[in-house]
Amino acid sequence: MISANLAAIFYLVSGILFILALRGLSSPDTSRQGNYFGIAGMIIAIIVTFFSIGNFSTSLVYVIIFLVIGGAIGAFIAFKIPMTAMPELVAGFHSLVGLAAVFVAIAAFLNPSAFNLGNVGDIKLASLIEMSIGAAVGAITFSGSIIAFLKLRGIMSGAPITFSGQHILNLILGIGIFVLIFYLCKTQSPNIFWMVISISFLVGVLLIIPIGGADMPVVISMLNSYSGWAAAGIGFTLENTALIITGALVGSSGAILSYIMCKAMNRSFVSVILGGFGADNSTDDKKEKKDQKPVKSGNAEDAAFLMKNASSVIIVPGYGMAVAQAQHALREMVDKLKKNDIKVTYAIHPVAGRMPGHMNVLLAEANVPYDEVFELEDINNDFANSDVAFVIGANDVTNPVAKTDPKSPIFGMPVLDVEKCKSVLFVKRSLSPGYAGIDNELFYKDNTLMLFADAKKMTEDIVKNLE
Amino acid sequence: MEIDPFIFRLSIFILSIFIGYYVVWSVTPSLHTPLMSVTNAISSVIIVGAIIAALAGTSESVFNTSSIFGFIAIILAAINIFGGFLVTQRMLQMYKKKKDKKK
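Protein sequences appear in the order of chains A and B.
Heads up: the first sequence begins at 1 in the numbering used here, then just goes up one per residue.
Heads up: the second sequence begins at 1001 in the numbering used here, then just goes up one per residue.
Same shape as in the complex, but just chain A (with noise of 0.2 angstroms):
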């Protein structure tokens, strides 16, 4: 057994590993080395605290066999999902850790003299007001993270679901949380402890639900936060640095992403929690049909021509790719036009894909190197300079009615300047607007041609053609 002391240096060295970890990330060169730093730090804790507690019983041949199930149920999940489904499996991730908090502080609720809170039924008042709030946001996390899942899943339509009175309600909810906490410290009651936690699963449902599919990469990275300061509070309960020093970390990781989200998408915070975007602009669609303007389409033909005869190329990958899984077969496209000496370049908008960085992956997963990936502020200019701009997957974020049309719901958003190409070939599967529910202008351009099919299927006929 380690005295108190000695444990929270090692957990303090811990923190500082998980913090090395992030800073690894600053550059791909260094990541996995970060990574390392991160894998370091979690056994440093680990093993800190078996020692820490110093009780070699039965209980450790128990703890040591759950660890090994869980590690490789995780190990298992790791190596099997494929790369276009990571924003499901963060989300799913996020659920267990929110899961996992909860767990903890009833735990610790039920057991208080084995984490040194005082006894139960007469738990010291700032633990239980620590752990009331780590077990609350743990609980949030958890099932907005399980709806979160199951909309990117699929298994739930992505389709906002708001009813009247829902800010109201959660509103009420919330004020509740703090209600019940504070009555909790006054009598110590196990009841009302359920009753917090039971609140704040219903709160994370209701949280989630009215946020359209589009609005997704702001939910996964609110998530993300949420986690960290549901382990926040269970480090402040737990009086465990490790804890508390990666909670704030992960927490303000999880703010900043939201926030580089919100602002990729000119939309305030607040009006993506309140949700509904996107739900229903089908009334406004129809009237704008019956002045269907005329679009020019094409084939696999005549964009293997348009590109062969190019000298530069900006791709531009969007959630289609995604789903079409078609990041090898573009891979493969771009590499015959290099073969011709053509420049090929690929432009991110960082609202691309389900969730931060998205694109950039599937790009990676296709062997892309990543210095040839530009992200939106770094290319824009080069759209004026390039001959073919070709659009796969992507949508609301080429949209040049976000700098045209003050009326737009995504006017100000900023979007990559795809129309300043002299040619634009555009792969979508019909003309239907995206999760915006906008007409696109790009489409009715003249320099546009519209290549109508799956997006896989498409740049594999051009492959064909390039021939």
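One or more hints might be untrue.
Capping the alpha-carbon separation at 25 angstroms, the derived lysine-lysine pairs in PhoX-like fashion look like this [claimed, not checked]:
no.	chain 1	residue 1	chain 2	residue 2
1	A	K263	A	K420
2	A	K80	B	K1096
3	A	K403	A	K445
4	A	K296	A	K308
5	A	K464	A	K296
6	A	K445	A	K422
7	A	K422	A	K403
8	B	K1097	A	K339
9	A	K308	A	K445
10	A	K343	B	K1096
11	A	K338	B	K1097
12	A	K464	A	K343
13	B	K1096	A	K339
14	A	K422	A	K293
15	A	K293	A	K407
16	A	K445	A	K293
17	A	K464	A	K422
18	A	K343	A	K420
19	A	K308	A	K338
20	B	K1096	A	K336
21	A	K422	A	K339
22	A	K343	B	K1097
23	A	K407	A	K420
24	B	K1097	A	K336
25	A	K296	A	K420
26	A	K338	B	K1096
27	A	K457	A	K343
Computed from the model, here is a short list of chain A residues facing chain B with C-beta under 8 angstroms [to be verified]:
no.	residue
28	L22
29	F66
30	F115
31	L249
32	V373
These stretches of chain A come out as covered by chain B in the derived footprint (C-beta under 8 angstroms, 3 or more residues) [as the list claims (entries may be wrong)]:
no.	segment
33	89–96
34	252–265
35	342–356
36	360–372
No lab work stands behind these hints: they were computed from the structure.
In this text, a Cβ means the ideal position worked out from N, Cα and C, and glycines have one as well.
Let chain A serve as the given structure and place chain B on it in line with the hints.
Same frame as chain A, but now just chain B:
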């Protein structure tokens, strides 16, 4: 007058938020997905609390209501730790520079 240890922990917490703020802003946007999976993995250090709860049983009764919650939490957190770090590793292996691909 003595300072409550809570204040020390609060200081650590607040300073860590600042560290997180600056460190995360320096993360390159192309690595935002690995960032999410690695933050997910490290937040599973909550397993520390699960282990404490699980080890609170005695040799005669390994499982009691409190320790059972601990044991379940160990499984949940372990899925996250292994899953999170390994999937991050898998993703990071894929990020290559132009030069590397000549082989």
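Right, here's what the structure says about each hint:
{"no.": "1", "hint": "K263(A) <-> K420(A)", "verdict": "23 angstroms, holds"}
{"no.": "2", "hint": "K80(A) <-> K1096(B)", "verdict": "21 angstroms, holds"}
{"no.": "3", "hint": "K403(A) <-> K445(A)", "verdict": "15 angstroms, holds"}
{"no.": "4", "hint": "K296(A) <-> K308(A)", "verdict": "20 angstroms, holds"}
{"no.": "5", "hint": "K464(A) <-> K296(A)", "verdict": "22 angstroms, holds"}
{"no.": "6", "hint": "K445(A) <-> K422(A)", "verdict": "11 angstroms, holds"}
{"no.": "7", "hint": "K422(A) <-> K403(A)", "verdict": "19 angstroms, holds"}
{"no.": "8", "hint": "K1097(B) <-> K339(A)", "verdict": "18 angstroms, holds"}
{"no.": "9", "hint": "K308(A) <-> K445(A)", "verdict": "22 angstroms, holds"}
{"no.": "10", "hint": "K343(A) <-> K1096(B)", "verdict": "19 angstroms, holds"}
{"no.": "11", "hint": "K338(A) <-> K1097(B)", "verdict": "16 angstroms, holds"}
{"no.": "12", "hint": "K464(A) <-> K343(A)", "verdict": "20 angstroms, holds"}
{"no.": "13", "hint": "K1096(B) <-> K339(A)", "verdict": "20 angstroms, holds"}
{"no.": "14", "hint": "K422(A) <-> K293(A)", "verdict": "21 angstroms, holds"}
{"no.": "15", "hint": "K293(A) <-> K407(A)", "verdict": "20 angstroms, holds"}
{"no.": "16", "hint": "K445(A) <-> K293(A)", "verdict": "10 angstroms, holds"}
{"no.": "17", "hint": "K464(A) <-> K422(A)", "verdict": "24 angstroms, holds"}
{"no.": "18", "hint": "K343(A) <-> K420(A)", "verdict": "17 angstroms, holds"}
{"no.": "19", "hint": "K308(A) <-> K338(A)", "verdict": "10 angstroms, holds"}
{"no.": "20", "hint": "K1096(B) <-> K336(A)", "verdict": "20 angstroms, holds"}
{"no.": "21", "hint": "K422(A) <-> K339(A)", "verdict": "22 angstroms, holds"}
{"no.": "22", "hint": "K343(A) <-> K1097(B)", "verdict": "16 angstroms, holds"}
{"no.": "23", "hint": "K407(A) <-> K420(A)", "verdict": "22 angstroms, holds"}
{"no.": "24", "hint": "K1097(B) <-> K336(A)", "verdict": "19 angstroms, holds"}
{"no.": "25", "hint": "K296(A) <-> K420(A)", "verdict": "17 angstroms, holds"}
{"no.": "26", "hint": "K338(A) <-> K1096(B)", "verdict": "18 angstroms, holds"}
{"no.": "27", "hint": "K457(A) <-> K343(A)", "verdict": "23 angstroms, holds"}
{"no.": "28", "hint": "L22", "verdict": "5 angstroms, holds"}
{"no.": "29", "hint": "F66", "verdict": "4 angstroms, holds"}
{"no.": "30", "hint": "F115", "verdict": "6 angstroms, holds"}
{"no.": "31", "hint": "L249", "verdict": "4 angstroms, holds"}
{"no.": "32", "hint": "V373", "verdict": "6 angstroms, holds"}
{"no.": "33", "hint": "89–96", "verdict": "holds (count 5)"}
{"no.": "34", "hint": "252–265", "verdict": "holds (count 6)"}
{"no.": "35", "hint": "342–356", "verdict": "holds (count 4)"}
{"no.": "36", "hint": "360–372", "verdict": "holds (count 9)"}
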